[in-house]
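J.: Chains as they are written, first to last, in the numbering used here: chain E, 1 to 260; chain P, 1 to 260.
Certain hints may be false.
What the hints assert, rightly or not - Below, a list of computed lysine to aspartate or glutamate pairs in the EDC-like style, where the Cα atoms sit at most 20 Å apart: (1) Lys254(P) to Glu175(E); (2) Lys150(P) to Asp118(E); (3) Lys106(E) to Glu175(E).
What the hints assert, rightly or not - Just a sample of chain P residues kept apart from chain E, beta carbon distances all over 12 Å, derived: (4) Pro60; (5) Val144; (6) Phe160.
Hints listed in this document are in silico derivations from the structure and should not be mistaken for laboratory results. Quick caveat: nothing in here was measured; it's all calculated off a predicted structure. For every residue, glycine included, the Cβ atom is placed at its ideal position computed from N, Cα and C.
For reference, the chains in residue letters:
Number of protein chains: 2
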Amino acid sequence: MITATSNGQIKQLQKWMNKSAERAKDGIFLAEGLRLTGEAPAALVRTLYVTPKVAQAGIPENLKGVPTEVVSPELFAKISSTDTPQGILAVVSRPTWDPEAILRRKAPFLVVCERMQDPGNLGTVFRTAEAAGVSALFLSRDAVDPYNPKVVRSTMGAIFRVPHFIYEDYKVLAETFRKQGIRTYAAHLRGTMSYTEADFAGGSAVLIGNEGNGLSEETAALADTLVKIPMAGQAESLNASVAAALLMYEGFRKRGFDRQ
Amino acid sequence: MITATSNGQIKQLQKWMNKSAERAKDGIFLAEGLRLTGEAPAALVRTLYVTPKVAQAGIPENLKGVPTEVVSPELFAKISSTDTPQGILAVVSRPTWDPEAILRRKAPFLVVCERMQDPGNLGTVFRTAEAAGVSALFLSRDAVDPYNPKVVRSTMGAIFRVPHFIYEDYKVLAETFRKQGIRTYAAHLRGTMSYTEADFAGGSAVLIGNEGNGLSEETAALADTLVKIPMAGQAESLNASVAAALLMYEGFRKRGFDRQ
């Protein structure tokens with residue numbers, strides 16, 4: 001059992017917990033809690049850390065056989081990102097997908113998040129994207145790190161399963177979409193077409209902007225269609241993950257609630 | 001200018017910030033930040049607290065004339081619920097509404113939140129409810145306090161405008177709905193009708209449950225219709241505020257995007 005803060009693995013875990021660049025350098029992220037680790041594909045789990053209590057109660061079925069280390073409860077609290085740790089944490093290799101293969105599908109359904117900043121919002125977008133049969137997410141480099149522990153937790157496991165990519169420059173991505181015949185729909189306050197009128201037929205991408213400022217002018221200008229979400233009262237905007245959900249579910253609905 | 005932690009007003013503000021029962025006893029809540037105080041109806045604002053910087057830059061137009069106290073920046077940090085205070089905080093009387101009048105409208109559109117626990121989710125429900133033209137929210141007594149500073153902040157001002165009520169016992173509320181001819185639609189994993197098939201004609205209430213456990217069996221059993229939200233992939237559920245948004249916007253759509 002690991003009991004010393006000075007242990008090399010513990011030091012590494014603390015770095016991974018706190019630093020996006022450290023996680024990126026090693027191509028990993030951390031998944032914590034029984035529910036989340038219970039959904040981690042064993043092939044991606046490098047090491048599992050558990051408290052003696054969890055070791056005794058039994059680790060999730062899917063993780064039997066993965067390299068496991070037992071850590072004292074006191075030490076576990078130091079490597080946990082939550083106030084009430086469940087005593088189980090996995091170091092997970094980042095899954096990879098082939099963007100070309102996804103874009104070449106008959107009618108991919110994509111979501112682009114530009115500068116989304118709130119970890120809970122991004123996690124919720126992942127979770128909703130899986131439920132709405134979205135083919136892939138594209139996240140701008142300046143958005144919150146999708147491998148931030150709070151984002152990972154709020155994806156409720158969708159981060160293991162929803163293909164996702166980081167893009168540097170939306171202009172380049174827009175050109176790729178154009179070449180593949182993918183139509184882009186931006187949620188925008190200046191939109192004239194209601195999102196319920198958009199057909200989402202053929203390859204489609206939904207563009208969602210930053211919580212405070214919406215989409216950048218440059219990205220909105222590149223969108224094929226600006227759609228609006230009708231709003232009553234004095235409401236000026238919706239939460240970014242709610243706006244994303246309404247558009248994702250509209251696409252899902254227009255596609256007969258079929259997975260893409 | 002108030003500079004001492006021992007000042008009676010400061011002590012009271014700290015109590016209000018931290019204790020739900022203190023806020024309830026005095027019938028108030030705290031609204032913090034330029035955006036939120038800028039939407040507070042002056043008639044409800046008892047006292048406004050600002051830092052010298054904000055006092056000099058000018059308080060929001062709507063609050064000119066309300067009793068205002070200047071507080072040193074050091075002290076303001078102690079009464080703020082955020083890490084980066086904007087230096088403006090209002091003590092607001094809780095608005096009240098007449099539930100009978102709302103229920104007697106031709107076709108009220110209501111939302112019931114049972115045991116919603118996450119402040120961000122409840123705030124988002126308020127915000128979406130305003131945008132979706134919802135007539136009123138009903139919150140179970142054991143839900144998170146809607147006047148919790150985090151909830152208030154994430155309503156983005158909707159808490160001032162969306163009529164809301166706390167209920168003790170759903171059975172009593174259900175009986176009131178029945179007498180008024182209000183049909184209840186519960187988001188439920190056992191639902192057989194897709195939410196897109198629900199007509200939401202006439203008085204309607206959408207029932208949303210707890211984040212982890214959904215609606216209680218007792219409440220689900222009292223619902224007129226259990227609706228399901230189709231889900232692809234391995235997704236087992238949606239974020240509670242997303243599920244609420246999909247149902248609210250479906251009702252809004254079926255009502256021609258008209259405010260109720």
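J.: Each hint should be assessed against the structure and marked as holding or not.
T.: Checked hints:
no.	hint	result
1	Lys254(P) to Glu175(E)	violated, 37 Å
2	Lys150(P) to Asp118(E)	holds, 14 Å
3	Lys106(E) to Glu175(E)	holds, 18 Å
4	Pro60	holds, 15 Å
5	Val144	holds, 15 Å
6	Phe160	violated, 9 Å
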